[in-house]
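Trainee: In case you want the letters, here they are:
2 protein chains.
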Amino acid sequence: MIPTHPAPAAAFPALAPLCRSIATVSISGTLAEKLAAISAAGFTGVEIFENDLLYFEGSPADVRRMAADHGLAIVLYQPFRDFEGVSAARLARNVERVKRKFDVMHELGTDRLLVCSSVAPDAIDDDALAIDQLGELAKAAAEAGVVTCYEALAWGRNVSTYRHAWKLVDAVNSPNLTLALDSFHTLSLDDTPDAIASIPGHRIGFVQIADAPKMQMDVLEWSRHYRCFPGQGDFALADFTAQVVKSGYQGPLSLEIFNDGFRGAPTAATAADGHRSLLLLEALTHEELAKDNNATAGAPLYTPPAAPAHAQWQFLEFAVDAAARERVASLLDKLHFRRAGQHRSKDVTLYRHGSAAIVLNAEPDSFADAFFQRHGLSLCACALRVDDARLALERAAGFGYQPFSGRVGPNERVVSAVQAPDGSLNYFVNEEPGKPTLFEADFVLTDVDGPTEVGPIAGIDHVSLSLPAGSFDSWVLFLKSVFGLQASAAVLVPDPYGLVRSRALFSADRGLRVVLNASVDQHTAAAQTVRAYHGTGLNHVAFSTGDIFRAVTEFEAAGVPLLRVPANYYDDLEARFAMSADFLDALRQHNLLYDRDEKGGEFLHAYTETLDQRFFIELVERRGGYDGYGAPNAAVRLAAQARQRARAAREQTE
Amino acid sequence: MIPTHPAPAAAFPALAPLCRSIATVSISGTLAEKLAAISAAGFTGVEIFENDLLYFEGSPADVRRMAADHGLAIVLYQPFRDFEGVSAARLARNVERVKRKFDVMHELGTDRLLVCSSVAPDAIDDDALAIDQLGELAKAAAEAGVVTCYEALAWGRNVSTYRHAWKLVDAVNSPNLTLALDSFHTLSLDDTPDAIASIPGHRIGFVQIADAPKMQMDVLEWSRHYRCFPGQGDFALADFTAQVVKSGYQGPLSLEIFNDGFRGAPTAATAADGHRSLLLLEALTHEELAKDNNATAGAPLYTPPAAPAHAQWQFLEFAVDAAARERVASLLDKLHFRRAGQHRSKDVTLYRHGSAAIVLNAEPDSFADAFFQRHGLSLCACALRVDDARLALERAAGFGYQPFSGRVGPNERVVSAVQAPDGSLNYFVNEEPGKPTLFEADFVLTDVDGPTEVGPIAGIDHVSLSLPAGSFDSWVLFLKSVFGLQASAAVLVPDPYGLVRSRALFSADRGLRVVLNASVDQHTAAAQTVRAYHGTGLNHVAFSTGDIFRAVTEFEAAGVPLLRVPANYYDDLEARFAMSADFLDALRQHNLLYDRDEKGGEFLHAYTETLDQRFFIELVERRGGYDGYGAPNAAVRLAAQARQRARAAREQTE
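Same order as they appear, the protein sequences are chains A and B.
Here the working numbering is used: the first residue of the first sequence is 1, the next is one more, and so on.
Here the working numbering is used: the first residue of the second sequence is 1, the next is one more, and so on.
Hints listed in this document are in silico derivations from the structure and should not be mistaken for laboratory results.
Possibly wrong hints are sitting among the right ones.
List of simulated lysine to aspartate or glutamate pairs, EDC-like, C-alpha gap at most 20 angstroms [unchecked claim]:
#1 A:214 <-> B:221
#2 B:291 <-> B:239
#3 B:214 <-> A:191
#4 B:99 <-> A:571
#5 A:99 <-> B:572
#6 A:346 <-> A:412
#7 A:346 <-> A:369
#8 B:99 <-> B:122
#9 B:99 <-> A:572
#10 A:214 <-> B:218
#11 B:599 <-> A:122
#12 A:99 <-> B:574
#13 B:99 <-> A:574
#14 A:599 <-> B:122
#15 A:99 <-> B:571
#16 A:167 <-> A:132
#17 B:214 <-> A:221
#18 A:334 <-> A:612
#19 B:346 <-> B:369
#20 B:435 <-> B:387
The following residues of chain B were derived to be distant from chain A, with all beta-carbon distances above 10 angstroms [as the list claims (entries may be wrong)]:
#21 55
#22 60
#23 69
#24 131
#25 260
#26 268
#27 331
#28 459
#29 623
Facing chain B, from chain A, some residues (calculated, C-beta under 7 angstroms) [what the hints assert, rightly or not]:
#30 57
#31 263
#32 523
Every residue, glycine too, gets a C-beta built ideally from N, C-alpha and C.
For reference, chain A alone in the conformation it holds in the complex (with noise of 0.2 angstroms):
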């Protein structure tokens, strides 16, 4: 069925020039702030969404004038809709509506117009009447002198596939009537993408990109609410484009995203995260079609450094004052952290426990300080041990994140960091045989034998952070384009005061692993936490324990406080899964919570109560190759912190 056509040549040509384009629906603003932001981000094109034109208080000559101040093409008018499956006097109707949206296009400086496949009822089932009429169209084009791209809108009457649309362009055989493709009308319908190599590429007028969640939902109310960046969604888009790429096709791979959320979100940083979803996308793409053919060095996609192969936790570091500083220093001493190092020049703390590491940072007038006075106790910086810190530097910059560069003392190391969503920082650090390592040029040490196993912690497991809701996916994006990590499918957490969204991100050999959490409503525990840093916080840091009984019989002994359980819980799970009445029974002594999976790989874990009502510490044991995050015990943990933050706002008050 595919093309009648002849193919390109097995090599494919070259994207050349690549332009990359986005439509004006998916940002927020007005006409000249969204062509100001996107043009800013990086994109060389743009799409014109013909309601932004209708609300422009200027002619589309102005429009096209504003585009080119910024050097964007105009790379596309559209939608046009119900064109084609009509009767003859409506086709009259058509064209000549067409023929003024042409008028509109000369004065806009663009020649393609986006022409959607037939959502009316009443639209004709009649492929043969259909190329006719597109056959119509076309030559209406031909005499405006632009190109018509025909798109199958995953909802269209009777074309609802990019196969059956290629079929009928095909059939007109116009150089004025092209496919266009969308990702999403492709794999919203589960349909696959692989015909699309065999269409020439120069028969493809357009090519929209768009990812979303996993949805069951109506499709044209998905589409309109839920589209989303690359890679922040579930679409397999680096295939769909590696397919486009081995069509031939040319032109601009272009950003149409309806998301109710970037409605309102800013302008600018919203145009910044679409541009670097492309370049994540052109890259994965690369690794894509690098896969099953080595001729991918003519295809000017981008391709960064490689993500870090070997990524894991090197410090955590902490924005204190002196009195957050004792706070935080006497949790970890209950938790046998030791005191081990003390910076060379500055007024920074370092305590270890098995390969964990936190740095408590108090130096006056530093990154730390100015975080410090906005953030209070905070997380003001991860330090993160790759294979080539200036590598994972350049990818990061080539994404768009701001390096940056602190004071450094004499004979102290320069570190390579990047700023991510929030401000904080994530350093790269690399440590070389025969060298001295991060640790012993910068620091002091009191402990200079290194990481002995000196308590039941073995390391950080996982980071789990709190963040404002509307900066989820750019949190999504920064992780996996400069990280490479993956991530999970996002799950809602109940909250006694409201629902939570969470998601995990995780790197190929689990070394890091980041849990992202946003409230939906304004009065949870993720919420609040949110107010009380004023912006994205730490929500909790889980230590890894190869035995956690013995971990919480320590701790507790030492003074920490764990969260209380309810016995309730425990009835519960002895419904849910056979165990044993001792192991039951030790769970409920401890106020241990567990989760089994599918293979029987178990989570083991417990919380600390929380400190300063912004972050607390996890204790967890995987056995047998668990590799969650013990998600149904949740909203029990939830609802115990709700009851632990009741009980403090009683005792204030009394």
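Given the coordinates of chain A, work out where chain B should sit on it, guided by the hints.
Mentor: For chain B alone, coordinates are given in the frame of chain A:
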């Protein structure tokens, strides 16, 4: 297929005593907070949702005592899942599982357990097997002295309709296995409730009530996140409940609402809305029953005084100080309102044009003054002319809205009032023949001839309010219950900075029209309005006119600043509607927006610029029975207003 057992007599028995109940999952908070709020709202029964028990730090007996202290009966424990359609081995385990739940129920002091139809992918599709196994359930329940209530989930693997569930329950034929009904599971599938009336009422063990907006999505997701209180959604619940009453069912009517918004909303206010939504449902059910049967007298359904048959705007009252009064008075003057009276004892002025009346209240130490202190220039009261003000107040008070009385001077009228969800007042006014009108009684009228036609404004067409998102559904319930208004379906309108949810409510004779708007995002005009007002606020008043061309010509000449509409809008209008070039020119010349309905009804409207960044005036002319609000033009208006705001901001900084 429906019952083998005798149906109840035509004159169905009374629902006595009626127990109004709600499931704990329907509102936010800890279990203790939930029970307190449920009791305070007026409920006498409560369903304990299992998770609320699991998260509770105390025994089931503690929950029983807590509920009893609040005067609440625990009418149900829920849910129990995946009992039937299983292997023999699994059945034995399920019987053990359910026996443990019976133990919990004894401790809780409840005799009813909700058992949901199986959703397990491997559930065996065999009615005979299901009947056998549900028989085992009934036997175990009989031994424990409890009643199980079997419910068909809309997404049940094999049993998804109440008809199917009833067939199984009927076949088991045990008093310990009854049918549970849930309006959502029936109405979400577009199933009809008519067969319910012929099921013997004593075989129905429990009835859950939930409303929901009509949505095109997976029914499970829809159920878990979008249910709402009766009257807030789109289901025909009075019809459903009438069938339940006809069956002779005498148990509780219980709200089971899974709603993401309610999970994050204030506990007490949500519970109060839940209770009044049940009262409204009962009232509507009573009306429904009265239609086809005069034997409703015995049913203990709540029957409030009838809603006003004819209600119309008497006046809108603004809280002002001297400066704000001058600004509003200046605008009213340009709109050719005349100053028609001065209040006899207060610093309150009356303005009139046609039947539209505006009252500006600057009285110190009054309700209006308090409102001004809190909200600034704002709509502090609406007066509605009704047939019987006393009855209207009784109705409102019966639904739990707070009556209000202000100071009254000598010979002035005592006017009944009730507080709306935002604390503003709704006065009920009736005028009796031969007696002084309210205006005559309270004002020294400067224009004693009364309302003569002095300009193009006929009266108030509608009033539009900007609401905090969380109060949207509370307002729907307020307007439906107090005034008996009907609601259109909600629509989403794009503002340049986010989406706005909008819904119109109106009386049968269209004497009263109110449009509610709530912003989904933080940066829209609607969200800014809510912030400017520190709460709910007037967005605009639409005045009706019989000649909008005359109106805008006169008002522009008088210096009213009309909102400018972009030329591109008219180009598009021409493409969408057939209309004469002259007519189109006239629209363009006067910045008039235009809409046409399917029957040819037409809507012409214009807007003033925004006063104090708060509210504006709309002028509307309805032709040929047009019944909408020009929704297709809302986005054009919002974009034009955004430009106006940006211009104003620029001028301020220059």
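Trainee: For each hint, tell me whether it holds in the structure or not.
Mentor: Here is how each hint holds up against the structure:
no.: 1; hint: A:214 <-> B:221; result: 13 angstroms, holds
no.: 2; hint: B:291 <-> B:239; result: 11 angstroms, holds
no.: 3; hint: B:214 <-> A:191; result: 28 angstroms, violated
no.: 4; hint: B:99 <-> A:571; result: 13 angstroms, holds
no.: 5; hint: A:99 <-> B:572; result: 13 angstroms, holds
no.: 6; hint: A:346 <-> A:412; result: 11 angstroms, holds
no.: 7; hint: A:346 <-> A:369; result: 12 angstroms, holds
no.: 8; hint: B:99 <-> B:122; result: 23 angstroms, violated
no.: 9; hint: B:99 <-> A:572; result: 13 angstroms, holds
no.: 10; hint: A:214 <-> B:218; result: 12 angstroms, holds
no.: 11; hint: B:599 <-> A:122; result: 19 angstroms, holds
no.: 12; hint: A:99 <-> B:574; result: 13 angstroms, holds
no.: 13; hint: B:99 <-> A:574; result: 13 angstroms, holds
no.: 14; hint: A:599 <-> B:122; result: 19 angstroms, holds
no.: 15; hint: A:99 <-> B:571; result: 13 angstroms, holds
no.: 16; hint: A:167 <-> A:132; result: 13 angstroms, holds
no.: 17; hint: B:214 <-> A:221; result: 13 angstroms, holds
no.: 18; hint: A:334 <-> A:612; result: 16 angstroms, holds
no.: 19; hint: B:346 <-> B:369; result: 12 angstroms, holds
no.: 20; hint: B:435 <-> B:387; result: 15 angstroms, holds
no.: 21; hint: 55; result: 3 angstroms, violated
no.: 22; hint: 60; result: 8 angstroms, violated
no.: 23; hint: 69; result: 18 angstroms, holds
no.: 24; hint: 131; result: 25 angstroms, holds
no.: 25; hint: 260; result: 6 angstroms, violated
no.: 26; hint: 268; result: 13 angstroms, holds
no.: 27; hint: 331; result: 24 angstroms, holds
no.: 28; hint: 459; result: 31 angstroms, holds
no.: 29; hint: 623; result: 24 angstroms, holds
no.: 30; hint: 57; result: 5 angstroms, holds
no.: 31; hint: 263; result: 5 angstroms, holds
no.: 32; hint: 523; result: 6 angstroms, holds
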